[in-house]
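Participant: Same order as they appear, the protein sequences are chains A and B. The letter at position 465 of the first sequence is residue 465 when you use the UniProt record's numbering, and the numbering goes up by one with no holes. The letter at position 437 of the second sequence is residue 437 when you use the UniProt record's numbering, and the numbering goes up by one with no holes.
These aren't lab readings, by the way, just hints derived from the structure by calculation. Worth double-checking, as some hints may not be accurate.
Here are a few chain A residues that face chain B, going by a calculated C-beta distance under 10 Å [stated by the list, open to error]:
| no. | residue |
| --- | --- |
| 1 | E278 |
| 2 | R289 |
| 3 | V371 |
| 4 | D442 |
| 5 | P457 |
| 6 | H458 |
Even glycine gets a Cβ: it sits at the ideal position worked out from N, Cα and C.
Protein chains: 2
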Amino acid sequence: MIDSSGARQAVLEAERVERATASAEDAVMSMADFHSWFNARTRANTFQVDRIPFAELSGWDFDPDTGNLVHASGRFFSIEGLRVRTNRPWMGEWSQPIIVQPEIGVLGILVKRFDGVLHCLMQAKMEPGNINGLQLSPTVQATRSNYMKVHGGADTKYLEYFRPESRGRVLFDGLQSEQGSWFLHKRNRNIVVETEDDVPLDENFCWLTLGQIRRLLLLDHMINMDSRTVLACIPPALTGPQGQEAGDDPFTRAFLRSLSDHGSAVHDSGRILSWLTELRSRQELVQRRVSLRQVTEDGWRLGSDVIDHRDGKYFDVVAVAVQASNREVAAWTQPLVAPKQAGLLALLVKRIGGTLHALVQARSDAGMLNVAELTATVHCQPGNYADVPAEHRPHYLDYVLTAPTSRVRLDVLHSEEGGRFYHAQNRYLVIEVEPDLDEPDDRYLWVTLHQLTSLLPHSNYLTVELRSLMASMRCLAQRL
Amino acid sequence: MIDSSGARQAVLEAERVERATASAEDAVMSMADFHSWFNARTRANTFQVDRIPFAELSGWDFDPDTGNLVHASGRFFSIEGLRVRTNRPWMGEWSQPIIVQPEIGVLGILVKRFDGVLHCLMQAKMEPGNINGLQLSPTVQATRSNYMKVHGGADTKYLEYFRPESRGRVLFDGLQSEQGSWFLHKRNRNIVVETEDDVPLDENFCWLTLGQIRRLLLLDHMINMDSRTVLACIPPALTGPQGQEAGDDPFTRAFLRSLSDHGSAVHDSGRILSWLTELRSRQELVQRRVSLRQVTEDGWRLGSDVIDHRDGKYFDVVAVAVQASNREVAAWTQPLVAPKQAGLLALLVKRIGGTLHALVQARSDAGMLNVAELTATVHCQPGNYADVPAEHRPHYLDYVLTAPTSRVRLDVLHSEEGGRFYHAQNRYLVIEVEPDLDEPDDRYLWVTLHQLTSLLPHSNYLTVELRSLMASMRCLAQRL
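All chains should be built: construct the whole structure from the sequences, respecting the hints.
Facilitator: See below:
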């Protein structure tokens, strides 16, 4: 197993340096002030999350006909069953519980220039599944139910900036997918709006520069999933040279060339689209919604406190009771999906002709809308493969688990959406590999970061996990 | 009602001129020779299509549990039920039969330069639902079942050029949607490959220039739907000045500027994506597959010879027996969807600042994968709205039906996919409107043809009907 002391050292160094350089980059708030503010928010906003039996859920019930776990309003989301048929040689067919949420929500970040420097309005927000309570979320994080106010709660703050009639300038606006293993066809609208208004600052919000946010992305469980996906969508050209991007060493130069459209890519963009189109045509992914009761045929057990798989793998479905002081509703109960262990998301990178390339794979997950999306080189919960024959284990999983610390460029734990997942965390790694390491089969391709970024305006190209990695690795171009 | 004598006159004029100019454009086959060849193929390839009761279908049965009409192999396609919930003010919820075909097929055109001029390899192909037997189809038109040879038929000719190991140059390769009103989430791979090989010419195939194909697109029911969608995807830049494109009159100049990236567009591309993202987030489109038997609750009748709606609207499901001499299998039976009347697809265009703009709408159909796609200004079967209150009739439907001939730039009848639809035809119109005609509501937007074309490499932006129109209207830039 690798240890992550190298990357941790970088974080500590980053925190030391950032205190010195924060004022130099004209942030409205120093990092020291940020941490003080964040700690104060943590103390001020009390919350409590308790596991409860399903029978104690309020407003949620198992439908008597199907066994589906649904809300009485017919809104929010439901836990149903999905039967999947693929043409993969291993585990080609299965059924599983899945979160069904056909509504498209809004994840929006409001940005504003202070003395010419772009700042993001970030929110300290509790979600019941968060491992650590508060995390930094986007300015707005609302399901359609939320902002149509089905639950009768308070207004969603700052939502007016993301409405069509807003006077702001839209920097990005696209639908992005979420976890295909746990959600059926789920997408959210990711939007970034720049305003010139005087924006009143609520006590749970703060303005941070992109450079500051990139440093915070090196901290475990600080920037939530919704923030990461939106941050990944901010066009690199807009962020400019902010954050003391440096081109001194060959790795950083190769990284910056990869982000720009000046790098030399081994495949042109037409080739990438054709490769993905061919895979999407060849890959069979037949999804059929079934009742939650029907997934018991494939080893799932519907208990009174938990829905789980008899092999002890994959995930559980649990229920929680929540009390919180800074949410639209002060107390509620809800189901959550609880993965059995942390996931591993490792992106292998190497320099080709002076431009950094990332090895992405086209991956099909149970609930994906468009057959396959691009994701990290290794993307799995390793425990699910503990008893799987070597030829069917994910490519490079063992390589990643034994990579020397000196090759690890990024190593951080992030939480996944705490509104739907209970203590779901993934370890995000960027590992620079030997020049001779190559595509293991035709589902993998070496691409530049610019090529990945240019796919972001269109839906369902990059998984939320790859977008998380892309947001997090931007710090690699910063002199920390 | 408009009459189409102006456009018909243009076709006749085109046919006169093309005979004179075909040799000038270095086509390998003159238009006169093409028509002789096509007529000979029609005489040589006998076929017969007869309506039969469902009970006489061979290999197809109504599933005893669900009533779904399925093939014994579990492959090809099935007729099932779909329940749809939207937040539209009129007909917001309904259920209907729908074609379910989760496989992605291949629609491929092989191109080759003869004396420097790009030619497409087109096929004279019978489909059982064709109103007129033979139409010109792409080089390859194959479901995954076809080329995996589930039915044990002959090899699909020229398929090897579209495999990953082909030595050809891929000019376009993307997934494109098909009719959202009749198909659930259906897409096909649209691919164009250029070869330098000597390609042996099968008797049912011919080489045509793009200029020749554009002239044929002015003829009713000649170029089939699968050809039109692939032709729409051929990048305009690749087709070059071929076909005597002329810039003499202001309309043609505005058209050519609209196709190029030099035109001045009223909305930038970021604005278009943001507009569509906002609509996709706001529009509710909740799809739930139900059994075919369940659609009877909404007025559908399951007869022994036909499945139809008691209002006499929408479409029927019928069964046919087919005998054909030039298909992989010589005789078979199958179900088909038969629309109750021809559809109307009208694109309103106008010159804005010397660049032609098209008024597109973002439209949600029952079976769409990505909530909404861009389509023609008017896109409907007019009869479905005969008894609908004026405020809920499609915008500009009455305008189109009464437009003066002098404003009609294109008017042609094309068939929809004859392998799934029985005598399905749509009237495709391009109408140049008054300068003061504007977007009727925020679901409509003026865009340039270049902006539409630049969305084609990505899936599910343009309906198959709009792609048909775009392929057909390319002739507007030709001196005919």
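Participant: Which of the numbered hints above does this structure break?
Facilitator: none
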